[in-house]
Structure formats: structure tokens, C-alpha cells
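Asks: Sequences are here, hints too, so could you generate the full structure?
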Amino acid sequence: MEESDKQHGPGDATSKVHKILGVEGDATDKTLPVSSGSYQPIPKSSTAAAPDTDSDSDSDEEPTNVAYDYGTSEEWKDVNPVPLTAGSVMPIAFTPQFQMVFGYFRALLATGELSARGLQLCEDAARLNPANYAVWMYRRKVLAHLAVDLTGELQYISRVIEKNQKNYQVWYHRQKIVELLKDPSKEFDFTAKMLRKDAKNYHVWQYRQYILRYFDIFDHNELEFCDGLIRADPFNNSAWMHRYYVLVELPRACGRPSLLEGPALEREIQYTVAQLMGQAHNESPWSYLRGILRDHWAEHFPTVQAICSDLYSQNIRSPYLLAFMIDMYDEDIAQGFQATTDIQKGELLARVKAICSDLAVKHDVVRKAYWNYLSQQLAKKYERFLPAV
Amino acid sequence: MQQAENKDTSPASYRSHQRRTSSRDSERSHALPFWMGSEMPWTNSTEAQWETERRCEDLYLEHDVSTDPLESSIALKRKALKKFMLRGFDSLPSSYLTLDSSHPWLCFWILNGLRVLGEDIPVETAQKTISIIRACQTSTGGFGGGPAQAPHLAGTYAACMALCCVGTEEALSVIDRVGLKSFLFQMRQPSGAFTMCEDGEEDTRAVYCAVAVATLLDIPLSPLFDLAPDWLSDCQTYEGGFGAIPGAEAHGGYTYCSFTALYLLNKPTQCRLDDLCRWLSFRQMRYEGGFQGRTNKLVDSCYTFWQGAVFPLLQQVLKDRPDYTTVPMDSSLFDHTILQQYVLVCCQNVDGGISDKPGKGSDYYHTCYALAGLSIAQHNLFGDNDEIWGPATNRLEEMHPAFNLTIDCFFNARSFFIEN
Chain A
1317 MEESDKQHGP
1327 GDATSKVHKI
1337 LGVEGDATDK
1347 TLPVSSGSYQ
1357 PIPKSSTAAA
1367 PDTDSDSDSD
1377 EEPTNVAYDY
1387 GTSEEWKDVN
1397 PVPLTAGSVM
1407 PIAFTPQFQM
1417 VFGYFRALLA
1427 TGELSARGLQ
1437 LCEDAARLNP
1447 ANYAVWMYRR
1457 KVLAHLAVDL
1467 TGELQYISRV
1477 IEKNQKNYQV
1487 WYHRQKIVEL
1497 LKDPSKEFDF
1507 TAKMLRKDAK
1517 NYHVWQYRQY
1527 ILRYFDIFDH
1537 NELEFCDGLI
1547 RADPFNNSAW
1557 MHRYYVLVEL
1567 PRACGRPSLL
1577 EGPALEREIQ
1587 YTVAQLMGQA
1597 HNESPWSYLR
1607 GILRDHWAEH
1617 FPTVQAICSD
1627 LYSQNIRSPY
1637 LLAFMIDMYD
1647 EDIAQGFQAT
1657 TDIQKGELLA
1667 RVKAICSDLA
1677 VKHDVVRKAY
1687 WNYLSQQLAK
1697 KYERFLPAV
Chain B
67 MQQAENKDTS
77 PASYRSHQRR
87 TSSRDSERSH
97 ALPFWMGSEM
107 PWTNSTEAQW
117 ETERRCEDLY
127 LEHDVSTDPL
137 ESSIALKRKA
147 LKKFMLRGFD
157 SLPSSYLTLD
167 SSHPWLCFWI
177 LNGLRVLGED
187 IPVETAQKTI
197 SIIRACQTST
207 GGFGGGPAQA
217 PHLAGTYAAC
227 MALCCVGTEE
237 ALSVIDRVGL
247 KSFLFQMRQP
257 SGAFTMCEDG
267 EEDTRAVYCA
277 VAVATLLDIP
287 LSPLFDLAPD
297 WLSDCQTYEG
307 GFGAIPGAEA
317 HGGYTYCSFT
327 ALYLLNKPTQ
337 CRLDDLCRWL
347 SFRQMRYEGG
357 FQGRTNKLVD
367 SCYTFWQGAV
377 FPLLQQVLKD
387 RPDYTTVPMD
397 SSLFDHTILQ
407 QYVLVCCQNV
417 DGGISDKPGK
427 GSDYYHTCYA
437 LAGLSIAQHN
447 LFGDNDEIWG
457 PATNRLEEMH
467 PAFNLTIDCF
477 FNARSFFIEN
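First to last, the protein sequences are chains A and B. Under my numbering, the final residue of the first sequence carries the number 1705; numbering is consecutive throughout. Under my numbering, the final residue of the second sequence carries the number 486; numbering is consecutive throughout.
It cannot be assumed that every hint is accurate.
Claimed, not checked - So these bits of chain B aren't anywhere near chain A, every CB distance computed over 10 Å:
#1 Ala141
#2 Pro289
#3 Leu293
#4 Lys423
#5 Ile454
#6 Phe476
#7 Asn486
Unchecked claim - Derived lysine-lysine pairs resembling DSSO-like cross-links, with alpha carbons at most 30 Å apart:
#8 Lys1513/A x Lys423/B
#9 Lys426/B x Lys1482/A
#10 Lys426/B x Lys1513/A
#11 Lys333/B x Lys1697/A
#12 Lys1479/A x Lys426/B
#13 Lys1502/A x Lys1479/A
#14 Lys1457/A x Lys247/B
#15 Lys1457/A x Lys1393/A
#16 Lys423/B x Lys1479/A
#17 Lys1669/A x Lys385/B
#18 Lys426/B x Lys143/B
#19 Lys333/B x Lys1684/A
#20 Lys1516/A x Lys423/B
#21 Lys1502/A x Lys1513/A
#22 Lys1696/A x Lys385/B
#23 Lys333/B x Lys385/B
#24 Lys1678/A x Lys423/B
By construction, these hints were calculated from the structure, which means they are not laboratory data. The beta-carbon is built from N, C-alpha and C at its ideal position, and this holds for glycine as well.
Replies: Take a look at the structure:
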């Protein structure tokens, strides 16, 4: 439904709005901009704890005077809006339109009416407060009750999400609609578009992973997609995480074997190492490398050790490199890849303690307490390899 | 305290960005930005990081961040904070309209902020809170985000905590424990996870809200949460932190929810503790001093609590770990000094509240979590002394890290629910 269908001058609504406000109580009256009666758009520079608003939303899609005049409408004259009782809410400066729309919304909730006009009301309510989960719950009930064609609903929720990308409710709503449509074909382009606006938006990544999992999609070229984002910004940890999701978490969730075996694992190691060589001060690839090696240290220990030694000999002292080396030596002591004798293990432990100490006093002093703790912990774990004093 | 050994490390020119080397920042010189000594690519991430550090730098240069905590003059602006908090019960600007489904949260953020400051709740404010929370109460026993809104676990958690902040018998009696218990059962999923509301999203927030409320109200944790630890441990990622659901990226808020829930369910060892400890430690920003929420994201004062409060819980577990890796635990594993500096120097806003980071406006959410986290940083559970940075008047009330209530409010409510 397009907004143009229901643009009305806001001035006419004031009488009805005042009727609602009259019951509201003194505290709120003082803060209401009732004098003009005009719709106050929610400031984009909102400082509220609500999810970030994005400055790049398409303003042409949203007329300023959005609220339909429910108060003078023939269609709504049988409905008595339910005002808020005095003192029942925090004293937010509700606009007259906000009061009006939610007054009617509460009325429909109270009567349990599931109707086409209810859908229209939802759009106004969701525009004023997209974080109101009750509005979306009600909307889904109406959609189901009226057996509405959900293709249009998908277009509608796309428009809403473009203006409210960091909001739980809108993404959940989209999820439910796509489940009913049984068609994930538009979801990759849509999420890619949203990631162009913010490549680390948590909701988008979680949603994209949901689509892959729910529809058990394993032939979409997700690694290429991640690679594009990582090339644009190697510090995009979400894109690294998504690689792991596609190779390990998704197959596991769908009951298929891990894609991180044999040549695929080697390819991932190469890919990650290329990133590390370019930038050793980026935590994301180091974490990723640790993640993909978790059950595979044995096969790849020599390769990884050579890389670390190379970087270290170039005088690189990135805390992420050093932290990784600590883990690598820990694995070697525990599993005996190269350090096979107690003496070798003892030497390695001394090396680990020296790295922890360097980190604590020179390279990563902010985490001094952590490095000292880790040093003690590993010494305790492997104390049998320490030379007797 | 911190020597300036590496001060002579000549930085690679990075967009002509020069770090200061004056004597008064010697204490922070250990915290030179992470790209020093190497050429960094100019990406969205590094650009935003650079800008944030620059804004913090301006403030750290402007204020005397001296080594001796007691010599510093950076005070917590208590009067302004109290005024800012109480103002929220008189009027909230229209930028808060999107919180019309979070009325219990607004109550909790404000009341808890006052409590952390050591303030009593004025009688009138207590009455307003009780009326608002009652209006959010539903016939199921759960609380919605506002009048006529369906019950929701986040609203329920916030409502219960807000009532605990008030702490009177009248306030605590609002809760319908029998109804609430059945509401929690309704939100439980076959996997052991919980949904936030009927026909709502499922994530680790929901589990935490349910566990925290059940624990506080003395509702039996079994069988309600029998499967929850398995589901929660699936949410731990390769990085070591926890995501919203299995497979999602590690994130400070979800990590707090997941690990605290495991802790309260007495199953904290059902996750990889060493990986968690490393991930958590790495979230403290070397230059800004505060915590980031995710790897390669920006510092944000709310994570002072979300990340900071996991430390005492995790350290408690590591300390009592029933294996050979137990070592003495006599201090916080994060740098409590620079964390306090971040909140006090970089985030106190002219309007009296606390903001996310320099250049952003303040709000009740950030103010509540920054103050609660500041308290966590001040009160070292693993040493003999508190670590108050700045004047002694900066001292805040001690918090229970697993509930985000002051110790007094927590025990007051807890004994009420055990007795009744």
C-alpha cells in the first residue's frame, strides 16, 4: 500500500488528538508540541539508546505528513481509540500523530479485530515506531487471517528495513515472510545491498546465515562474496566470521560434512596467510587461522610455524602474532609435533614465558595482567617440563 | 607505573597523524595505536578507528591523566548525573519515541544509574515506577514493553530489575511469581533456547533474561533450563566470545548474556574458558581504554559493563577451576585504570549524561551501563583494595556483575523472594 493513498492534512486531526490527549494527564501534556499540531519527524540525530539511525535513508519515500487522519475518517468512526491512562508510561514527548495512531492500535488489539484497515494502521504505527514488536506480531496475525499475498509484503518490509537496518523486529518479520513464501531468491541481493550500507551490521549477517541454514543452501558462492568484502576492508571481522560459517557451521547445522578438510583447508590457510603477510596487525585473520586450525594443528604445524618465524624475524611484534605463537607452542608442548623430548618442551615453555613477558612490558601493556596470568597458567600446566631448581 | 620504553619507536607516517610524546602522556605511551610501526591500509575500519582515537586524544591531552590515581582531578560529575537521571522521569525528548516499547527499560536504566551513584529513589519516583511497571504487566505474569503490549522477556527482565532498584515491599510484591514461572516455560524452545516473546526471535539475550529473573525470584532452575547450557555453549565462536545464536559472530552483549547464564546455571565450565578469556581481554582498546563489542569495531562505553562484568565472573571460575591450571588470581585481568579514564574523560557529556564515545550524545542506556561498568572497574573482587581512579568522591556502589544491580538492591530483593 502506498503512502500517497492516505495523505491527509494533519491539522484536521487535532480535535480528535486533543480528545485522546485530554485523558493523558498533566505530565505529558506539558511536553507535547500540540500548538502546531504538525507531524514531527523523529530526529535522525536521535541520541536514544535505540539502534543507530542511518543518515542515508531515502527520504523521498517518506512524506513528512504520514499519519492518516483516523479521527475524521468515515472508515474509522466505529472505533474508539484507547488512550494511555495517566502515569502508565514514561513521559516521552509523544507527538499528536503518535498518540492517535497508537490509540487506534490499542483499540484494535482490545477488540481482536483482524482486518485490512488494521494492516494500514500497522504501517503508520511501524513508521512511527518500528521497534514496537506488538505491531509486528499483530501484523502477522492479520496477514495470516486475511491470507494476504506476501509478495507485496516482502516489498513493503524491504522498504521498512532500508530505513531501519538495525532493528530486531523488522528482520524477524522478513524472516517469517520469507519462510511462508518459501523463496529465498531475493535474499542474497537484498542482504548484499544492506551490507553495502554497513558491512558489519550484525542483523544482516545473522539473517543471511539464517537464510542459508533454513533453506539448506550450499551451492551459493558465499566465499567469493566474503572475499569481495575482505578485499574492501580486511578488518571486517563479520566477513571473516561468515567464511567460517559457510565452511564449518552451516554444514554442521544442516547435517552435512565439514567443508574444511584437505585441499579446502589448505586453500583457506593460504588465503589467510596472504592477508597476514600484508597486515600482521589485523586481529581478524589471526583469529580465523586459529579457528580453522583448531582440530588440524598436526597436519599444518610446520607450515604455520614457518610463517610465524618469518614474520617474527622481520621484527614484527604484533600482539596478535605473538598471541598466536603462544598458542602454537602450547600445542607443540601438548602434542609433541616438533618438541618431542622433555628438554625441548622445557625450552619451548621458557620461550612462551619470554613472549608473555615481552607482551606484558613492551608490546601489549594494556593486557599486562592477562599476559602475566597466561604465563603463570602455562607454567603450571607444564611444570613437569621445567628444570628442577 | 608504565615506563616509556618504546617511546623511541618511530612511527611510520600515517596520514600525517602524529602521536604526542610529551611527558604527561608517558603513562599512555604503552598504548600507542595499533598500527604504529607499520603501514596500515586505509579502509572504513581504520578510518573510523583513527577518527575515534583522535577524538579521545584531544580529551586525554586536555585533561591531566596523571599516573597517580589520587592526583587526578577528573571527577565523576555526580550532581549533573543525578539531575540527568531524575529528569528522565519528568520528560523525555521525542528521540525516545522508538523506546515506546521499552518503558521498563527506561525505568531500569534510570533507577539503576541512581543506585550505582548511591542515591536513594525519591518516593514519588518509586510510585511512578510502580504504576508504569504495573501497566506493563500482563495476565500471563510476564511484562510487556508498554501498556497493551504482549509479554516479552526483555521487558520482564527490565521490569523485575527496576522493581528491585525501588526495593520496597510494595514494589517487589508487584511480581506474580506463579504466573511468571509459567510464562518462562512458554518461552522455552525444544532446543533449550528461549524466544523473546511469542512469535519472536530466539537468542542468548532471551536465555539470560529468563535465567536472571528465575534466579532472582527463586524459581527452580530445573527442569526449566536443563537444555539451556548445551545450546548456550553452541553459541561460543572460534574467536572465544559468544554470538546471538549458534554460528553468529562473537559480540560483547551476547557474550555477557551467554556466559552469565552459564554461570548462574552453575555450568560455566561448559565452554572453552581459555578462548573466552583471550577474546575478552583483547576487547579492551589499547589507546582509548574502553572496550569494543566485537573484533575490529569501535570502542563504546556500554561495553564497560557488558565486557567488564564478565571478568569477575570468569575470574571466579578460573580461580576455582578444578584442574591443574589453577593459578593465583589477585587482580583484574583487564586494565581497570584506563577503563575508568575512558568513561570519566571521554564520555561525560555536557548534558550530564554519559555517551557512547566522544562526539556522540548521551542517553540513559549508555549512562546506566557505563556507570555500572565503572563500578566493576573500581571494585576489584580479587584484590584487597578498591581501585578508584580520581578523587575519592568517584567511588560508586558495588555491583553484582551477574544481575547489574547494586549489592544492596540484590540482597534486599533476594531475601524478600526467599522469605515470601
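Asks: Against this structure, judge whether each hint is valid.
Replies: How the hints compare with the structure:
1. Ala141: Non-interface label on Ala141/B holds, nearest chain A Cβ at 23 Å vs cutoff 10 Å.
2. Pro289: Since the minimum Cβ distance to chain A is about 25 Å, Pro289/B lies beyond 10 Å and the statement holds.
3. Leu293: Fine: 17 Å to the nearest Cβ keeps Leu293/B off the interface.
4. Lys423: holds, 12 Å
5. Ile454: Fine: 18 Å to the nearest Cβ keeps Ile454/B off the interface.
6. Phe476: holds, 23 Å
7. Asn486: Holds, since 26 Å exceeds 10 Å.
8. Lys1513/A x Lys423/B: Holds, because 21 Å separates the two Cα atoms, which is no more than 30 Å.
9. Lys426/B x Lys1482/A: It holds: about 18 Å lies between the C-alpha atoms, which stays within 30 Å.
10. Lys426/B x Lys1513/A: holds, 20 Å
11. Lys333/B x Lys1697/A: holds, 23 Å
12. Lys1479/A x Lys426/B: holds, 21 Å
13. Lys1502/A x Lys1479/A: With a Cα-Cα distance of about 18 Å, the restraint between Lys1502/A and Lys1479/A holds, given a limit of 30 Å.
14. Lys1457/A x Lys247/B: It holds: about 26 Å lies between the C-alpha atoms, which stays within 30 Å.
15. Lys1457/A x Lys1393/A: It holds: about 23 Å lies between the C-alpha atoms, which stays within 30 Å.
16. Lys423/B x Lys1479/A: holds, 24 Å
17. Lys1669/A x Lys385/B: holds, 20 Å
18. Lys426/B x Lys143/B: Holds - the C-alpha atoms of Lys143/B and Lys426/B are around 18 Å apart, at most 30 Å.
19. Lys333/B x Lys1684/A: Holds, at about 28 Å.
20. Lys1516/A x Lys423/B: Given that 30 Å is the threshold and the Cα spacing comes to 18 Å, the pair holds.
21. Lys1502/A x Lys1513/A: Holds, at roughly 18 Å.
22. Lys1696/A x Lys385/B: Roughly 13 Å between the alpha carbons, so the hint for Lys1696/A and Lys385/B holds.
23. Lys333/B x Lys385/B: At roughly 15 Å apart (the allowed maximum being 30 Å), Lys385/B and Lys333/B satisfy the hint.
24. Lys1678/A x Lys423/B: holds, 27 Å
When each numbered hint is compared with the structure, no violation occurs for any of them.
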